[in-house]
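Using the hints provided, position chain B relative to the given structure of chain A.
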Amino acid sequence: MNPRHLVYWLVAAALISVPVVYNQPYHLHVMVLILIWSFAYTSWSVMGRFGLVSLGHGGFMGVGAYVTALLWNHLGLSPWFGIPIALVCAGALALIVAYPCFRFRITGHYFALVTLALSGIVLQVITATRDWTGGSLGYTPERTKGNAIAALQFVEKETWYLIALAVWAAGIAIWYWIDRSMIRYAMEAISEDEDAAAAAGINVTAEKLKITVLSAVMTALAGALYCQYQMFISPDTVSGISVSLQMVFAAVVGGIYVALGPTVGAIITILLAEGLRIGFGTKAVGWDNLVYGVLLVVFIIFLPKGILGSLLERMKSSSKR
Amino acid sequence: MLVVEGLFKRFGGFTAVNNVSFKVEKGEILGLIGPNGSGKSTIFNMLSGTFPPSAGSIRFEGGELAGLPPHKIINRGIGRTFQIPRPFRRLSIFENVALAGYYGQGGGSGSHSRGKADESAERALAAVGLPADRKASVDGLGAAGLKKLELAKALATEPKLLLADESLGGLDEHEMDQAADMLRRIRDDLGITIIWVEHIMGVLMRVVDRVMVLDHGEKISEGLPSQVSSDPRVIEVYLGTDAQDTQAAAAEARR
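Chains A and B are the protein sequences, given in the same order.
Per the working numbering, the first sequence starts with residue 1, numbered consecutively.
Per the working numbering, the second sequence starts with residue 1, numbered consecutively.
Keep in mind the hints are simulated off the structure, nothing from the lab.
Since the structure is predicted, the reported quantities are computational estimates derived from the model, not experimental observations.
There may be inaccurate statements among the hints.
As the list claims (entries may be wrong) - Rough simulated footprint, nothing fancy, chain B against chain A, three-plus residues with beta-carbon under 8 Å:
#, segment
1, 183-189
2, 193-201
Said to hold, decoys possible - Simulated pairs of lysine-lysine, DSSO-like, Cα-Cα distance not exceeding 30 Å:
#, chain 1, residue 1, chain 2, residue 2
3, B, K160, B, K23
4, A, K305, B, K72
5, B, K135, A, K210
6, A, K157, A, K283
7, B, K72, B, K26
8, A, K305, A, K316
9, B, K135, A, K316
10, A, K210, B, K72
11, A, K145, A, K157
12, A, K210, A, K305
13, B, K26, B, K160
14, A, K210, B, K116
15, B, K116, B, K135
16, B, K160, B, K72
A virtual CB, placed ideally from N, CA and C, is assigned to each residue, including glycine.
Pulled out of the complex, with its shape left as it was, chain A reads as follows (with noise of 0.2 Å):
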């Protein structure tokens, strides 16, 4: 076995020796949502690498979790099924959206907004749809007195660890993945020159939908997992600007262009949201906000790269001095 390998496995057999090792309640939480929120950043990168840059995907997370919970409480639906189907939604709302966006050339900046209207929908609908969904109260997907498993919903933390951990690492396979196909080389020359793509016979509306398409399915299998973790979503919490914001800040200070930036980037911002809560209780509410605002200039201007791109470029040029 190559070194490189033997340390992959090293890395993933004490990743998932975690729980057992230290399962300090509040600590195992907050891992948790690192890695529930990484999925959903590398998910929303998978786009955002290639200048496809969407504001809406909170919309996509609001779908994920709010059509699951929904089919729970009120067909009585498993999370097995449900999450499938919130998935295919989200595939679905991504295509509608995208499709004409793409068609008609719709890029950069006004494909932001178009983006940005569609997490204000979402959380529209969802609150205007209070009756069904709990409106800005949030909702609460109803506890299984039956099989956890057929309902998804565990109370230990270290399943919920180990569900997370799996579908993170699923989530960067998918990353490298794409980083190898040929697509990565096809969207880079679409972001570059739609023309000149086109002329080198790929199907620009196409290749953009695929990989559009996949970024939603991932984030919408997010928020699911968000849901039955938390067994709690609100609008705010889920759907809206302020979530899709929050994926391109933390997507955009860890570093698009490495698999890890995403993760970095919610390690960042989750630690930094528990800070300022612990530390400063209610007083900081939204505090985190504005400070991920400033930062996100700060990081756009100075370090495009992000901490882990420009860390891994400045190890790459220092080692071959």
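Frame of chain A; chain B shown alone:
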């Protein structure tokens, strides 16, 4: 091989291409010339699917192309280069060409095998004389190198018909001759039919089999290089502006 009939393109009230018909036979090099704004690039853009014609038909090997999107047209076997090279700067030279090989032959969504795409890329790079080094950056290429890369991208899609758009602008005389010879070699060795749009008459006349002349969106002359360059209408509307060049070119073509 290619039969174009009654082609029109209108942009608002302006008619950029006005009832143009022509044929291209398999294995020939057709030169397409005309002053700026005469409709050459508009015809290319319709042939390659950048936009559909307002009216008329484009039949390639019996199948209708008018209105098809670019990736489908490339898949039928028509490749194109751009007047100004448009490389993908974030990809290496090899990746640029392999990408075109992969998608160009894969019907736009990449169902092609990657190994075969790499092979087409290697062949295309060899045909234009660029190194097949997988990491070499596009930034190292000069004007002539970028033109070659542009050509290699089109060749990697394994076209039967190549649309070469003013591929010699910005080159010096020696480089122009080389490029013209390269187009001829592509036809001779790879059997690819070529339509060549060009400003620079001299080199073009030396290499092409037939010439078609456009002015204000209309075809005003067509025939052998020697016939076309002595056609009084051509001299009047197009060549009158630089008559000396023209006569030199005609003389060279007759030789």
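Hint by hint, here is what the structure shows:
1. A stretch counts as covered by a chain when three or more of its residues have a beta carbon under 8 Å from one of that chain; for the segment 183-189 of chain A and chain B the count is 5, and the coverage holds.
2. Taking a C-beta to C-beta cut-off of 8 Å, the segment 193-201 of chain A contributes 8 residues in contact with chain B, enough for the three needed, and the coverage statement holds.
3. Restraint check for B:K160 and B:K23: the C-alpha separation of about 15 Å stays at or below 30 Å, so the hint holds.
4. For a cut-off of 30 Å, the pair hint linking A:K305 to B:K72 is broken: about 36 Å separates their Cα positions.
5. For the proposed pair B:K135 and A:K210, the alpha carbon gap of about 27 Å is at most 30 Å, so the pair holds.
6. Of the pairs offered as hints, the one joining A:K157 and A:K283 holds, with about 29 Å between alpha carbons and a cut-off of 30 Å not exceeded.
7. Taking the CA atoms of B:K72 and B:K26, the gap is about 20 Å. The hint holds against a cut of 30 Å.
8. Under the criterion of a C-alpha separation no larger than 30 Å, the hint pairing A:K305 with A:K316 is consistent with the structure, at around 14 Å.
9. A C-alpha spacing of about 16 Å is found between B:K135 and A:K316, which places the hinted pair at or below 30 Å, so the restraint holds.
10. The hinted pair formed by A:K210 and B:K72 meets the criterion: a straight-line CA distance of about 18 Å does not exceed 30 Å.
11. Proximity of A:K145 to A:K157 is assessed by CA-CA distance (about 19 Å); at most 30 Å being required, the pair is judged to hold.
12. Taking the CA atoms of A:K210 and A:K305, the gap is about 25 Å. The hint holds against a cut of 30 Å.
13. The suggested pairing of B:K26 with B:K160 holds, with an alpha-carbon distance near 9 Å, which does not exceed 30 Å.
14. About 23 Å separates the Cα atoms of A:K210 and B:K116, which keeps this hinted pair within 30 Å; it holds.
15. Distance hint between B:K116 and B:K135 is fulfilled; the C-alpha atoms sit about 19 Å from each other, no more than 30 Å.
16. Note on B:K160 and B:K72: the hinted pairing holds, with a Cα-Cα distance of about 14 Å set against a maximum of 30 Å.
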